[in-house]
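S.K.: Here is how the chains run, residue by residue.
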Amino acid sequence: MLENLKIDISEIDKIGKFTKQEKEFRVKNLDFFNEKGLPNKKDEDWKFSDLRQIVSKNFKKLDLKIEGSKNENFELIKDFDHNHIMIVDGRLNSTNFQFEEKEKIQIKKFLNENFKNKRERNPLVHLNHALANNGYFLDVADNYKFKKVLVIYNIFTKNLNDNILNIRNKIKIGKNSELHIFEIVINRSKKNFFNNTFDTIDLEESAVLKNICINNEKSSGFFHKFRKNRLLSNARLNSFIFPSGPKFNKIDLEFNLEGKNSECYLHGASYIDQNDHQEIKTRINHLAPNCKSYQKVKKVLDSEGKGIFQGKIFVKDIAQKTDAYQLSKAILLSENSEFDSKPELEIYADDVKCSHGSTSGSIDEDSIHYLMSRGLNRKEAIKLLVNGFLNEVIETIKSNSLRKYIQEKFESGFYEYKKH
Amino acid sequence: MKNQNIDSIQEYKYGFSTDIENIKAPKGLTKKTIEFISEIKKEPKWMLEWRLKAFDRLKVSKEPNWQKPKFPKIDYQDLYYYSAPKSMKEKPKSLDDVDPKLIETYKKLGIPLNEQKRLSGVAVDAVFDSVSVATTFKDELTKKGIIFCPISEAIQKHPDLVKKYLGSVIPINDHYFATLNSAVFTDGSFVYIPPNTRCPMELSTYFRINASETGQFERTLIIADKGSYVSYLEGCTAPMRDENQLHAANVELIALDDAEIKYSTVQNWYPGDKEGKGGIYNFVTKRGACRGKNSKISWTQVETGSAITWKYPSCILQGDNSVGEFYSIAITNNYQKADTGTKMIHLGKNTKSKIISKGISAGKADNTYRGLVDIGRKASNSRNYTQCDSLLMGNKCGAHTVPYIKNKNSSSTIEHEATTSKINEDQLFYCNQRGLDQEEAVSLIVNGFCKDVLQQLPMEFAVEAQKLVGISLEGSVG
Amino acid sequence: MLEVKNLKATINSKEILKGLDIFIKPGELHAIMGPNGSGKSTLANVLSGKTGYEISGLLKYKGENLEEIPIDERAQKGIFLAFQYPTEIPGVNTSNFLKTSLNKVRKARGEKELDTLSFLKKIKVISKELGIDERMLSRQLNVGFSGGEKKKNEILQMKILEPNLIILDETDSGLDIDALKTVANGVNSSRDKKKSFLIITHYQRLLNYIKPDFVHVLANGKIVKSGSMELAEQLEKTGYREIS
Chain P
0 MLENLKIDIS EIDKIGKFTK QEKEFRVKNL DFFNEKGLPN KKDEDWKFSD LRQIVSKNFK
60 KLDLKIEGSK NENFELIKDF DHNHIMIVDG RLNSTNFQFE EKEKIQIKKF LNENFKNKRE
120 RNPLVHLNHA LANNGYFLDV ADNYKFKKVL VIYNIFTKNL NDNILNIRNK IKIGKNSELH
180 IFEIVINRSK KNFFNNTFDT IDLEESAVLK NICINNEKSS GFFHKFRKNR LLSNARLNSF
240 IFPSGPKFNK IDLEFNLEGK NSECYLHGAS YIDQNDHQEI KTRINHLAPN CKSYQKVKKV
300 LDSEGKGIFQ GKIFVKDIAQ KTDAYQLSKA ILLSENSEFD SKPELEIYAD DVKCSHGSTS
360 GSIDEDSIHY LMSRGLNRKE AIKLLVNGFL NEVIETIKSN SLRKYIQEKF ESGFYEYKKH
Chain G
0 MKNQNIDSIQ EYKYGFSTDI ENIKAPKGLT KKTIEFISEI KKEPKWMLEW RLKAFDRLKV
60 SKEPNWQKPK FPKIDYQDLY YYSAPKSMKE KPKSLDDVDP KLIETYKKLG IPLNEQKRLS
120 GVAVDAVFDS VSVATTFKDE LTKKGIIFCP ISEAIQKHPD LVKKYLGSVI PINDHYFATL
180 NSAVFTDGSF VYIPPNTRCP MELSTYFRIN ASETGQFERT LIIADKGSYV SYLEGCTAPM
240 RDENQLHAAN VELIALDDAE IKYSTVQNWY PGDKEGKGGI YNFVTKRGAC RGKNSKISWT
300 QVETGSAITW KYPSCILQGD NSVGEFYSIA ITNNYQKADT GTKMIHLGKN TKSKIISKGI
360 SAGKADNTYR GLVDIGRKAS NSRNYTQCDS LLMGNKCGAH TVPYIKNKNS SSTIEHEATT
420 SKINEDQLFY CNQRGLDQEE AVSLIVNGFC KDVLQQLPME FAVEAQKLVG ISLEGSVG
Chain B
0 MLEVKNLKAT INSKEILKGL DIFIKPGELH AIMGPNGSGK STLANVLSGK TGYEISGLLK
60 YKGENLEEIP IDERAQKGIF LAFQYPTEIP GVNTSNFLKT SLNKVRKARG EKELDTLSFL
120 KKIKVISKEL GIDERMLSRQ LNVGFSGGEK KKNEILQMKI LEPNLIILDE TDSGLDIDAL
180 KTVANGVNSS RDKKKSFLII THYQRLLNYI KPDFVHVLAN GKIVKSGSME LAEQLEKTGY
240 REIS
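Protein chains in written order, with numbering that gives the first Met the number 0: chain P, 0 to 419; chain G, 0 to 477; chain B, 0 to 243.
For reference, chain P alone in the conformation it holds in the complex (with noise of 0.2 Å):
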């Protein structure tokens, strides 16, 4: 049964040969992985999500091979101009850098290059360094600005059937080089899947990376995605975070900020309904001084939809002259709703501006009289502050093409709320 779900050694074999040394290491991580299990609600990090339960409950199996081979076509996006990479069930289909020169930008399937057996705190972890068997790795060039926009078209298909994916991806930014990325999920799955991510994002001295991730079309899909963010000195990254639609979803975020002056700001707004389960956990650790962290998310929860965030600001003795700030709020529409937080400070430098807030609760009623005494009846009244809550993350993405773009892509996710 999955509620102990074991994974064989074999399947290793059936995903490719490997060096001698990559083996090894692939199966001490199997191992690591199969003496704990999926998490539960026992660890620390998955209190308020028990994905042992979750799976448990929703499938019968996990399949590493998709059976089917169906071919689907998919329209990219007119609104805007840009370059393109697109991965159809986690495997890097076609690129398309039309826009950029070419000299400046690799991109290659992922190769671990790095065998080290160190025992991770997120058993997922050692469950894709295991199994992974797609992803890219995108290398770009020492002071390179890139002319437009990166979308990486991500899709799952309906050959999708109880699988398990395991994706290792990596992107590289060099010295003085700038790059906006705009990733989209697009569902065609109609069947359960399990999506398991690990990303390693390394922006090296004053690079500068804008990355918006949008994933909020209604699926069956199950989604873990571990992303390690390192930044070196001067370097700035800028997030933001749409991340409802799928049943379960789990997005965990490291930053390390690990030269001085380094940036990262992190945005987040979702709308989360039916029996939707959403975490949004975060890790800042600031190691050296005069770094900025800030964090704002957001969320709605609807019917019977659960929002979780946890977030944690560490800062490391020498990381003096520290401003960190994190906030996350929530509005809770229904009486079957829940919203769980747990924002962290663990701090060993003194000079230090750090500061959390965290609020949960339903809709401010004056807001709502307000409106209704300008002739706006309950529902609506709800639905334009509930607009407003959520849309004051999205006005913060200062290019116009993408940013409507967003907004109605975004608007078109919230099902239940249609029916208010």
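Just so you know, these hints were derived from the structure itself, not from any lab.
Treat the hints with caution; some may be incorrect.
[To be verified] Among the chain G residues that face chain P by a calculated CB cut under 7 Å, a handful are:
no. : residue
1   : Y403
2   : K405
3   : S420
Note that the Cβ used here is the ideal one computed from N, Cα and C, for glycine as well.
Once you've looked at the hints, dock chains G and B against the given chain P.
M.R.: Frame of chain P, contents of chains G and B only:
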């Protein structure tokens, strides 16, 4: 640039020990020890059975390990679980019969027990190691129907009340230290306030650990019947010793309809020396149940002592419209560690809770706020407000905030805010320019930082606590 | 009272004061005027002993070299700085703060500490004299005070502590006419043979109410011109550019 007068740094001023002959239980945690305690306390059979039930449970339970401060393994078989001055074997009938050495000890601690010099408006129960030495103002309280006595006395004289409420808030199988306490608790205070009675004075217990190699396991039970009010205080000190001593208390509060309990603690157990040697392990379970509608429980704590403090005074808000409050100051210096906070469990409708926590960390100390706010499905229109502020002095210490927040009710609101910073340089400069030296300036600013909590304390203790805040941080800046 | 010769002060490797001289005798009132960024506030900070500056040159107060003396001891010796932006200290009662401060200064002067009753008496007389609402004293120190209230509070403290060298750092900026008069009143009623004043200001406005014995112009970290009241009037007409 500045001359620091080393001599002016005050050592722990309650660090003396009293040389007195003791009766001790045999060393070790055994059935025999428990029977010994029960017998010497002249307990009825049901009480012994209750203790043994806890002891059975203890055998299968494990020490918790999720808290931040880790501690070396405690050898439970190498401890004394009961120690009392020999002179206390037969309970003294009046204060005149109490060993003068004990009276002197409390006098030195600033707690006069004689009639003439008693603190006005405060009734005191003095607990020395494992026994209650004396309780003042007893007659005056009895006239109003208020029971204020050692819990060992209440077990004999008021068994119905004890049976009904003991363990009703902290079940004997709650967690390791709570279970341990249930098995071996020795003394503590019992308070019962009858319906519609406002207790006319502050009730207070002063705990003193004296004997070495001895754990103190006190148990306090406070019941505020319908429409009553009581304000209760506890203070604690211990001698300076190289060994670590265990203090594992259980405190249970029960507030019925329209009743209010205000519970204040000034905890100043010996914190250990500057190198982190010795000091008390303060592992305490405190929990209050707002059973009745419109009831209120308010915890205030000033935690400056102990090598390790580990406690979460909590409120279970069962009654509709009940209110829970938690005001805390935790100061850690040198190698002290504190992991403290609260749990506010909202079950009833229109329940409200408020948490104000101020953590100050200096030297090489570690200070954690850990808390839970849980608003249940049925707790409509409930509210929580939490404010946690931490101050750091130097970059060898740590400050942590770990709140767990759960909201399952769409008509209820939770607000949580936390900040961490160091003492503002401009504030220090301003105070210096007005003639205050560095330590005075720090003490003044920190007291200001803690004001929201300090003003919750009853007058007599607020002044003491303010001084304690200053003293605890001496030597931490310069 | 105060002797400053070739005073240089550097912060974050930026030299702010570049060889400043000033000599103040007991009973004198000097005004230092200068444009923004000329080093006015730095001078006030350095005189009060604020840390973080690298300092060279001579700094003598009542014949004593100030170099090694920390802020609080300078205050106890009678140097008072009225802050341009008085700091808010939450949770600290204004009147308690004042009492602590006064008793520190009295102790240093070898005087007896004042008990609460005599302190309150003293404070009552002075606030009445200055026209300050006594309720201000029961509030938290500077917290939520208006700009005017903060400055009045500084003058009140100056009156109570009875210092010898009083430095007013742009105490007049941002004040309405009533508050300005309170400040001027406080200064004028304190003037005597034993006290000296150093009034740092951007505008001549305050000097219409407080008549200085000397006026200096500070520009680019140095005194570029000294004179009498006419200099201030001239500045008001021509601006700083003409002079520096």
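S.K.: Run every hint past the structure and note whether it holds.
M.R.: Structure-based check of each hint:
At about 5 Å, the closest approach between the beta carbon of G/Y403 and any beta carbon in chain P falls short of 7 Å, and the interface hint on this residue holds. Annotation: interface hint on G/K405 holds; nearest CB of chain P at approximately 5 Å, less than 7 Å. Checking G/S420 against chain P by beta carbon gives a least distance of about 6 Å; that is within 7 Å, so the hint holds.
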